[in-house]
Structures are given as structure tokens and as C-alpha cells.
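**Q** Here is what each chain is made of, one letter per residue.
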Amino acid sequence: MTIWYQSELQVKTPGRSAIDISAVIDDAVNGASVTTGLAHVFLKHTSASLMLCENADATVLTDMETILKRLAPDADAEYRHDYEGDDDMAAHVRSVLTTNDVTLPVSRGRLNLGTWQGLFLYEHRYASHSRQLIVTVSGK
Amino acid sequence: MTIWYQSELQVKTPGRSAIDISAVIDDAVNGASVTTGLAHVFLKHTSASLMLCENADATVLTDMETILKRLAPDADAEYRHDYEGDDDMAAHVRSVLTTNDVTLPVSRGRLNLGTWQGLFLYEHRYASHSRQLIVTVSGK
Amino acid sequence: MTIWYQSELQVKTPGRSAIDISAVIDDAVNGASVTTGLAHVFLKHTSASLMLCENADATVLTDMETILKRLAPDADAEYRHDYEGDDDMAAHVRSVLTTNDVTLPVSRGRLNLGTWQGLFLYEHRYASHSRQLIVTVSGK
Numbered sequence: 055m056t057i058w059y060q061s062e063l064q065v066k067t068p069g070r071s072a073i074d075i076s077a078v079i080d081d082a083v084n085g086a087s088v089t090t091g092l093a094h095v096f097l098k099h100t101s102a103s104l105m106l107c108e109n110a111d112a113t114v115l116t117d118m119e120t121i122l123k124r125l126a127p128d129a130d131a132e133y134r135h136d137y138e139g140d141d142d143m144a145a146h147v148r149s150v151l152t153t154n155d156v157t158l159p160v161s162r163g164r165l166n167l168g169t170w171q172g173l174f175l176y177e178h179r180y181a182s183h184s185r186q187l188i189v190t191v192s193g194k
Numbered sequence: 055m056t057i058w059y060q061s062e063l064q065v066k067t068p069g070r071s072a073i074d075i076s077a078v079i080d081d082a083v084n085g086a087s088v089t090t091g092l093a094h095v096f097l098k099h100t101s102a103s104l105m106l107c108e109n110a111d112a113t114v115l116t117d118m119e120t121i122l123k124r125l126a127p128d129a130d131a132e133y134r135h136d137y138e139g140d141d142d143m144a145a146h147v148r149s150v151l152t153t154n155d156v157t158l159p160v161s162r163g164r165l166n167l168g169t170w171q172g173l174f175l176y177e178h179r180y181a182s183h184s185r186q187l188i189v190t191v192s193g194k
Numbered sequence: 055m056t057i058w059y060q061s062e063l064q065v066k067t068p069g070r071s072a073i074d075i076s077a078v079i080d081d082a083v084n085g086a087s088v089t090t091g092l093a094h095v096f097l098k099h100t101s102a103s104l105m106l107c108e109n110a111d112a113t114v115l116t117d118m119e120t121i122l123k124r125l126a127p128d129a130d131a132e133y134r135h136d137y138e139g140d141d142d143m144a145a146h147v148r149s150v151l152t153t154n155d156v157t158l159p160v161s162r163g164r165l166n167l168g169t170w171q172g173l174f175l176y177e178h179r180y181a182s183h184s185r186q187l188i189v190t191v192s193g194k
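Going down the list, the sequences are from chains P, V and W.
Counting from 55, one number per residue, gives the positions in the first sequence under the numbering used here.
Counting from 55, one number per residue, gives the positions in the second sequence under the numbering used here.
Counting from 55, one number per residue, gives the positions in the third sequence under the numbering used here.
So here's chain P without its partners, still in its complex pose (with noise of 0.2 Å):
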């Protein structure tokens, strides 16, 4: 018997930032009920994004903010989609080169993730936004 369970979850942000929602996710999981399958977690937004990345030292997502910032420059001379401001498109090309659908395995009814890996939702814009997910867990 599969089981096909779906909700849906609001995340507050804080600004640009990442925000561990591993726990969150792992609480969808618990009421799941499933044992064995797989968890999927889906953002709705274009400006924001999730990214799996090691959890325990805090100087990893202030390097990857280093990282993101050369990739997709704020207020770059080139964009032409800038109405929202300097982090606009630069939130666009920063969610595309992350994700924003990620699916976890989940076993003995637990997300298994490596030890070090966590589930960050990755808030591009400058400013606060609530973002909304949608997990999807099926397995038996």
C-alpha cells in the first residue's frame, strides 16, 4: 500500500540568507508515515531557492554568498530586468544555479541525509519574504 501524503508550508525569511528547513521537513515526514520512499520538497518562487550544503560551519554559507555574488553580481551593468531593484535578477540567476526542487530519500520513516548535509532555503532577495512550500512524501 503506497502512501501519497502532501502539504503545504510557509518559511518566513529573514533577508538574503539560508535557512535550514531540514527539520521542518523531517516533521512532514513523521506525519507521513512512511517507512521507506522518498521526500519531495518544491518552492514556488523564482527569487529564492533550496540548496543542499554542509551544515555545522557557519563560514560555508558566508563563502557561498562570495561564491553567488561573483556568479550572478547584484545591479549588474548588463541587466535589463532590474524593476524590483539591484537584487532582482540577480535572484533569478542565483536560484537557477541551485534548485528548486529537491527530493531526499526517507528510510526507517526518517529523512536520511549524510551527516554533515543539510536543506537550506536560500532567500535571494534583500528583503523578508514568506515563501511557500510544497512536500510531497510517498513510499510505503
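Just so you know, not all the hints are guaranteed correct.
It does not matter which identical chain is meant; a pair holds if it fits inside one copy or across any two.
As the list claims (entries may be wrong) - Derived DMTMM-like pairs: lysine to aspartate or glutamate, alpha-carbon spacing no greater than 20 Å straight-line: (1) 98 with 141; (2) 194 with 81; (3) 66 with 141; (4) 98 with 74; (5) 98 with 138; (6) 123 with 138; (7) 98 with 111; (8) 66 with 81; (9) 123 with 80.
In short, the hints are calculated from the structure, not lab data.
What you are looking at is a predicted structure, and each value in this text was computed from that prediction instead of being measured.
Given the structure of chain P, go ahead and fit chains V and W onto it with the hints provided.
**A** Frame of chain P; chains V and W shown alone:
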């Protein structure tokens, strides 16, 4: 009772550009008769890719091109793989920096995307190509 | 009747390089006895990653290295996270720019990849490591 539906789609591209295929995938979801579940989209190529991106303002795609050309330049002097032209290796890198497999939530029988979120097939070669997609819809 | 099959695999890497693991995943698919469905591959690390890439010409992997070294330089002067050496933070960024979870279609009992498409485990650290994968195959 879990439904497993799989279909193969061909998309003709006009050469380098991003094409919104959200409606095509939503049609496949309709055909699958899944109410709650997931739609998996897979592109069977390494010089074209998939991308979730803002779908309302065409300049977002223009700016995405600007950045991808910087990150994965055409005809880079260091490339060794250039048998098929200036866009050959660049296309492979651009595919890796975006993605070739995307999973989307299905809710109430439809793709559950954000308001400004579209799924694009991104052709990275200069020339027109016929690209093959496998869509797998599962759920209840 | 939906099948849910999950197995854990170890892959020993020789240090920084990309290893084609398509055949290993196809073996897991065979073991699952799924005819139509999906194979999810998850790498439980943040300094190695997965990549779908051209599998025929080795110079593609050489050129991918060239570009990744530019985008995520080793020993970058701005990195704060460097406890484990010059490749430490670069490995985390390279993992984020590629991916750690891939879902592949299963058709007629086999992985349904493109002709020139391979799934690679990309070791980003200089030293040899043992890397852990969770493969989850579901379908009918």
C-alpha cells in the same frame, strides 16, 4: 491505488533559446488522471537542459543568457572538446549548471507551480534540434 | 501494485574526478524488478556530487574541470572555510553548482537515459574517499 503514467514527448527547438513547456507538461498530467502526486520531467540530452524560471518578463531570459555566456563561454580558448563547433562544450557546461531532471508537485489534478514560475526547455546549441522528453506522472 | 526498493551503495573514488556510475544504478534498477517508474539517486555528502553529462569523449570531463575551477577556485583568498585544505570550500561550491540528487526514468525495466548521457559521481576533494549513495526505485 497508485497511478504510474509515462509518456515520451518531442520538442522542436529553433536553436539557442528557452521555451516554456509548462503547458505541455500540464497536459501530460491531465492525461495521467493523477489528483495528488508528482510529475517528473527528464530531458535525454547533454547539450540542452531544463530550467525553472520567471515566466512573465522576457528580459529575464535575455539576462540569463548574458550570465550563462559569461560562466560557460562559447569557443573558450581552453576547451579541448570542440568537434561540433563553438557552442559544443559551452552547451554541455550550460546543461550541467542548469538541470536535466525536474520533479514538480501535482495538486488537485494540475501542476502546482508558483504564479510566476515556468518550466523551460533550454536549447544551448545554435542550431534547431528535436529534443526528447520522458514525462513520468505518479500519484493517486 | 507499486514496488518500493531502496539500497545503499558505496563508491570508492580516486580523488578529484568524475566516475560514470550509470551501470551501477542500472544494476539496482534490475534488482528492483520495476518495469515503468523512477530511479532516485542520492549522494550523502557535501564535497562530492552527481552530474548528468556526456559520456563518450573524455575531453568533456577535462573541460568541465576547467570551468568548475574558474567558478569555484581552489584556495580562493576570500574563503573563510579552509580547515581541510585548499579544496575544502571549493568542493562545497562545486557540489552546489552540480547536484546531489538525480531522478531518472525507468522504462521497460531499464534506466531510460539518452544515448550520450551518463550519470557521474563527481569527487571534488583531492584525496580518495568512500562515498555513500542511496538508490530508491519505485514504479510498477
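**Q** Each hint: holds or not?
**A** Structure-based check of each hint:
In this assembly of identical chains, the alpha carbons of residue 98 and residue 141 lie at most 20 Å apart only when taken from the same copy (18 Å versus 32 Å across copies). Only within a single protomer do residue 194 and residue 81 lie at most 20 Å apart by alpha-carbon distance; the minimum there is 17 Å, versus 22 Å between protomers. Taking the shortest alpha-carbon separations for residue 66 and residue 141, only the intra-copy value of 18 Å comes in at or below 20 Å, while the best inter-copy value is 34 Å. Taking CA atoms no more than 20 Å apart as the test, residue 98 paired with residue 74 passes in both settings, with 17 Å inside one copy and 16 Å between copies.
For the homomeric pair residue 98 and residue 138, the shortest alpha-carbon distance inside one copy (18 Å) is at most 20 Å, but the shortest distance between copies (36 Å) is not. In this assembly of identical chains, residue 123 and residue 138 lie within 20 Å of each other by CA distance solely inside one copy; the values are 18 Å within and 24 Å between copies. In this assembly of identical chains, the alpha carbons of residue 98 and residue 111 lie at most 20 Å apart only when taken from different copies (17 Å versus 28 Å within one copy). In the homo-oligomer, the alpha carbons of residue 66 and residue 81 lie at most 20 Å apart inside one protomer (17 Å), although the nearest pairing across protomers, at 33 Å, exceeds that limit.
When the C-alpha separation of residue 123 and residue 80 is checked against a cutoff of 20 Å, the pair qualifies neither within a copy, at 30 Å, nor between copies, at 34 Å.
The structure shown violates just one earlier hint, number 9.
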